[in-house]
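From first to last, the protein sequence lines are chains A, B and C. In this text, residue positions in the first sequence follow our numbering: the first is 5, and each later residue adds one. In this text, residue positions in the second sequence follow our numbering: the first is 45, and each later residue adds one. In this text, residue positions in the third sequence follow our numbering: the first is 10, and each later residue adds one.
Think of the hints as simulated: they come from the structure by calculation, not from any bench. Wrong hints could be hidden among the right ones.
In silico DSS-like cross-links for lysine-lysine, where the CA-CA straight-line distance does not exceed 27 Å [to be verified]: (1) B:Lys171 <-> C:Lys77; (2) B:Lys248 <-> C:Lys88; (3) B:Lys191 <-> B:Lys173; (4) C:Lys77 <-> B:Lys248; (5) B:Lys224 <-> C:Lys88; (6) B:Lys372 <-> A:Lys113; (7) A:Lys113 <-> B:Lys378; (8) B:Lys305 <-> B:Lys271; (9) C:Lys88 <-> B:Lys160; (10) C:Lys77 <-> B:Lys160; (11) C:Lys77 <-> B:Lys166; (12) B:Lys271 <-> A:Lys113.
Partner residues are not named here, just some residues of chain C that face chain B (Cβ under 8 Å, in silico) [stated by the list, open to error]: (13) Lys77; (14) Ala83; (15) Asp84; (16) Leu85; (17) Lys88; (18) Ala90; (19) Ala92; (20) Leu186; (21) Pro223; (22) Asp227; (23) Ser288; (24) Asp292; (25) Ala295.
Bear in mind the structure is a predicted one, so any value in this text is a computation, not a measurement. We treat Cβ as the ideally placed atom computed from N, Cα and C, and that holds for glycine.
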Amino acid sequence: MSLERPVPRLAGAWGALGLSGLGLAGLSLLLARQEAPAQLGPAQPGLWLVGITALLLLGAVGIRQSAQGEGHPARTVPAAATLILLVLAAEAALRAYAVPTGLIPTPSKVLEALWAARTVLWRDALTTFVYEALLGFVIGTLLGLGLALLSVRLRFLERGLLPYAALLSSVPIVALAPVVIKAVGLGVASKTIIVAVTVLFPVLINAVRGLHSAQSMHLDLMHSYAASAAQTFRDVRWPSALPFVFTALRVAAPLSLINAIVAEFFGTEGRGLGFRIQIEVGKFGLDVVWAAIVVASVLGISFYLVISLIERRILPGRR
Amino acid sequence: MRKFALLSALLAAAALPTVQAQTKLTPIRLQLKWFPQAQFAGFFVAQAKGYFKAEGLDVTLLPIGDQSPIQTVATGAADFGTTWITDLLTARQQGLPVVHIAQIFQKSGFTLVSLKASNIAKPADFKGKRVGVWPSGNEYPAIALLKKYNLTTSLDSTVASPSVQAVTYPFDPSIVFPDKVDLVSAMTYNEVDQIAGLGYSLDKLRIFRASDYGINLLEDLMFTSQKTLDDKDFKGSGLSGKEIAARLVRASLKGWNYAVKNQAEAVNIVLPLCGNTCKGSGTRADAKAHQTWQMAEVAKLYNAGATLQGKAGYLDPAAYKSNVALLKGVGLLKADPAAGAVDYSVWEAATKK
Amino acid sequence: MSEGGSGKWVVGSGNGQGRVQGMTTLPASTPRRVRRPSNLLPMLAVAVFAALIYWPVMLFANQGAAQKALDSGADLGCKTALACATQLRNPVIPAPGQFWVGMRSLSAQPFSATAAPYNALVTGGETLLGLGLAVVVGLALATLLVRSRSFERATLPWLVASQTVPVVALAPMLAVLLGQAGVQGFLPKALIAAYIAFFPVTIGMAQGLRSPDPLQRDLMQTYRASGPQTFLLLQLPASLPYLFTSLKVAATAALVGSIVAEISTISFSGLGKMLAENSRASDTVALWVIMVYGAALGIALVALIGLLERAVTRWRPVA
Chain A
5 MSLERPVPRL
15 AGAWGALGLS
25 GLGLAGLSLL
35 LARQEAPAQL
45 GPAQPGLWLV
55 GITALLLLGA
65 VGIRQSAQGE
75 GHPARTVPAA
85 ATLILLVLAA
95 EAALRAYAVP
105 TGLIPTPSKV
115 LEALWAARTV
125 LWRDALTTFV
135 YEALLGFVIG
145 TLLGLGLALL
155 SVRLRFLERG
165 LLPYAALLSS
175 VPIVALAPVV
185 IKAVGLGVAS
195 KTIIVAVTVL
205 FPVLINAVRG
215 LHSAQSMHLD
225 LMHSYAASAA
235 QTFRDVRWPS
245 ALPFVFTALR
255 VAAPLSLINA
265 IVAEFFGTEG
275 RGLGFRIQIE
285 VGKFGLDVVW
295 AAIVVASVLG
305 ISFYLVISLI
315 ERRILPGRR
Chain B
45 MRKFALLSAL
55 LAAAALPTVQ
65 AQTKLTPIRL
75 QLKWFPQAQF
85 AGFFVAQAKG
95 YFKAEGLDVT
105 LLPIGDQSPI
115 QTVATGAADF
125 GTTWITDLLT
135 ARQQGLPVVH
145 IAQIFQKSGF
155 TLVSLKASNI
165 AKPADFKGKR
175 VGVWPSGNEY
185 PAIALLKKYN
195 LTTSLDSTVA
205 SPSVQAVTYP
215 FDPSIVFPDK
225 VDLVSAMTYN
235 EVDQIAGLGY
245 SLDKLRIFRA
255 SDYGINLLED
265 LMFTSQKTLD
275 DKDFKGSGLS
285 GKEIAARLVR
295 ASLKGWNYAV
305 KNQAEAVNIV
315 LPLCGNTCKG
325 SGTRADAKAH
335 QTWQMAEVAK
345 LYNAGATLQG
355 KAGYLDPAAY
365 KSNVALLKGV
375 GLLKADPAAG
385 AVDYSVWEAA
395 TKK
Chain C
10 MSEGGSGKWV
20 VGSGNGQGRV
30 QGMTTLPAST
40 PRRVRRPSNL
50 LPMLAVAVFA
60 ALIYWPVMLF
70 ANQGAAQKAL
80 DSGADLGCKT
90 ALACATQLRN
100 PVIPAPGQFW
110 VGMRSLSAQP
120 FSATAAPYNA
130 LVTGGETLLG
140 LGLAVVVGLA
150 LATLLVRSRS
160 FERATLPWLV
170 ASQTVPVVAL
180 APMLAVLLGQ
190 AGVQGFLPKA
200 LIAAYIAFFP
210 VTIGMAQGLR
220 SPDPLQRDLM
230 QTYRASGPQT
240 FLLLQLPASL
250 PYLFTSLKVA
260 ATAALVGSIV
270 AEISTISFSG
280 LGKMLAENSR
290 ASDTVALWVI
300 MVYGAALGIA
310 LVALIGLLER
320 AVTRWRPVA
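Working from the sequences, and respecting the hints, build out all of it.
Set out below in structure tokens:
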């Protein structure tokens, strides 16, 4: 399948990676020494870019070699190296061309901002993640599951409600947010509601699909055992629905955080990552903006991984 | 050379409208700070009356999005822009090479508005209150006013327990006022009338004009990027960037002088350019009435300071100095801006003063 | 990222449907296609029910707002809160009459520059262009992912992580950078839409390209088909259903992207521009009208892709 030769040449890989990384870091340090005047145009057109590109290519060769084989390093090193090298290259390039912080901050400036604004970002993250995204996610999930159970019991409701759910799940959140915020207010509640609504429909749709997915053979079997409806539900319908529900949850988890942030753009009471991003963009404090984006991304990935982990615990049979 | 250019331009404007269509106009994008409304009447009048064309310019007036005009100009998405002085100087501090070339409004129109019933009599009473501010660089006057009275807000990403709760909202006072904030941001020429339209007539309101409390942070000004000013041959026009800037300023000031003298006509020029943004709110929703009010209020900001001394468009060095001192005092500026932040030569070339 | 973390992202090789499905959805495996009675009647019943509770909810919500306004001394032109509830200038929820007036004023001349239908079409066009770009980029990336394991190992974790980045927060900055490169007008919106949509498409396509089972591959080999031939005749057609499923997921996200891009860049038309204008002009009823148009546009886009899918799958020899 893959085009690479299976012979691992790890030593060469490490050499190339190290050289590339050290080169880029060295370039950045060198550039930090000379205080270039703020200007948008390139100082020495092309020259720096050639050097950075050459070092990146060297790194790419290293990444390619390190990806050989099936060992632990071959699975983790390429991704880690890609990120580190790209960040270093961005640092060097931004410094070489003296790009002002007000346009694109260097990664080191973002790190500094991350540290300097840590208490505020922590509080913002708490607001956005816990009170808006997480709470909305839980409410949306519970409502979705509840409606799904009702729908499966009452076929009339399923046939009347589900088509709307499918339609409403393709409503863009940016069109929804201003109206909800105007109606509910600027506080946390409006964002929680928006997140809950965006989680509700996919969960509902997938849960109904899942509850119907129980194979008729199993259902017949339960019937022949004279199992009660509750037993059938617990032993057959519910387990077969869970994978579907988790698929929806995994998609919804990072989205709930993103949606909370987007909703904050339409009004807050002065807290939250979306608020921070919006207010700092206006001040050209793009280092803080990127710091907030980093925080949001880390939270989003963690949320996704936690949901995946729970899924694997609950559904041990599936891989 | 310049005289000749001006002369030919004047000739073209006065007598030969067909000739100017044949002479090649230089395309210019001017980024406004907001959506089309009477706040920019001077520019729209200059456009409608052919003042720009007479200077050999083909000007496109760009409406704003969510980003700052500074960003569109600094990156070259627009050639010139209008913004507030705080915006310009903070951008300059962040390394963006933008340059002030003309000052349109000589007085600040920023206010904080409360209900008289809420018993807020002076800025010191703001403590512990909720203040509604706009995002995207429009919050500075409020911050400066608060800081002057030693109040801190959640807008500062380094303050953990602020003494005033800042509430940001997307510009529409009806979202927050009066139930969710005690004080709301309002420009004399726009939101004050919108609030009145919500059913709170002016006698029910207490209006804190920032300029009355020594916070006269100058607003609408014209600026461009250093790159444009240094350009020897602006977009192949054969003219330097500075000359283009001077022509733009000259035509704009001519438009402004006309607009403030002929306000009804200026409003009629603006109205067809509006989307839904020229409307007031509630009982005062009528676009024409709202823009007429706006034009009158804007004229007050234009006809102040240097304009009264016959120097429309001039950034009074004393006013500038006090603005810088103010911004340094409240910590928004860490040092004096570089001398290149303001270029007087453009205004001098434009007005021959 | 741990080994489990990076190993998990492997696109569908071996176990048929890889973990990455979590970020997109599998082609709908509709269980048991049974001919069911029409949903029309139940849907109508649900609609009638919604309309019936709408009236009291609207009255209740607006009455509260009106009471507050009256208490703070506002002159609304009506005496009691109940009387004011249907004629508030900035209603929490617009009364049907208010909504109808707003709808008519924004749709009366559907193709004038300020009308909602025209602006919805502009936004729809941008989104479709963005989706088209996303398919091109997605196909290229998917091919790389399937063909080169080192590319997959180096980039896939970050492609997945990129989905947890609030891209919409980046849109204003992206727009500014694109503006610097001279990209303006229609294109930045389409590019941002494409940026948001490329990921589900990439993952969907990668799954699709890997979907042919070994038996089919062996068959191609016995026919002595070359690599490109196998790709064109087997893998590409097999990936089509996956493409359409992922496009449906991507469509709403891309729509959000282009609306946000309209809000945050220089725009002369589009639903986003209307949204920004009207939210700043205090026109609550207009916001509701725009929300309805945004919802309709989202639904229409998904329906359009569904139609396209049906046309293509009908044309395909094997289902």
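So, going through the hints one by one against the coordinates:
1. B:Lys171 <-> C:Lys77: Answer holds: B:Lys171 to C:Lys77 is near 24 Å, not above 27 Å.
2. B:Lys248 <-> C:Lys88: Roughly 18 Å between the alpha carbons, so the hint for B:Lys248 and C:Lys88 holds.
3. B:Lys191 <-> B:Lys173: With Cα atoms ~14 Å apart, B:Lys191 and B:Lys173 stay inside 27 Å; holds.
4. C:Lys77 <-> B:Lys248: Given pair C:Lys77, B:Lys248 holds - Cα atoms ~15 Å apart, limit 27 Å.
5. B:Lys224 <-> C:Lys88: Holds - the C-alpha atoms of C:Lys88 and B:Lys224 are around 23 Å apart, at most 27 Å.
6. B:Lys372 <-> A:Lys113: Distance ~23 Å between B:Lys372 and A:Lys113 Cα, so the pair holds.
7. A:Lys113 <-> B:Lys378: Satisfied, since the Cα-Cα distance of roughly 18 Å is no more than 27 Å.
8. B:Lys305 <-> B:Lys271: violated (35 Å)
9. C:Lys88 <-> B:Lys160: holds (21 Å)
10. C:Lys77 <-> B:Lys160: Roughly 16 Å separates the two Cα atoms, so the pair holds.
11. C:Lys77 <-> B:Lys166: holds (25 Å)
12. B:Lys271 <-> A:Lys113: holds (25 Å)
13. Lys77: holds (5 Å)
14. Ala83: With Cβ-Cβ at 3 Å, under 8 Å, it holds.
15. Asp84: holds (5 Å)
16. Leu85: Holds - the Cβ of C:Leu85 comes within 8 Å of chain B, reaching about 5 Å at its closest.
17. Lys88: violated (13 Å)
18. Ala90: violated (13 Å)
19. Ala92: violated (14 Å)
20. Leu186: Holds, about 7 Å.
21. Pro223: Violated - the Cβ of C:Pro223 stays beyond 8 Å from chain B, reaching only about 52 Å at its closest.
22. Asp227: C:Asp227 check fails; min Cβ-Cβ to chain B is 55 Å, beyond 8 Å.
23. Ser288: holds (5 Å)
24. Asp292: This hint holds: C:Asp292 lies near chain B, its Cβ roughly 6 Å from the closest one there, short of 8 Å.
25. Ala295: holds (6 Å)
Violated hints, in rising order: 8, 17, 18, 19, 21 and 22; the structure is consistent with all others.
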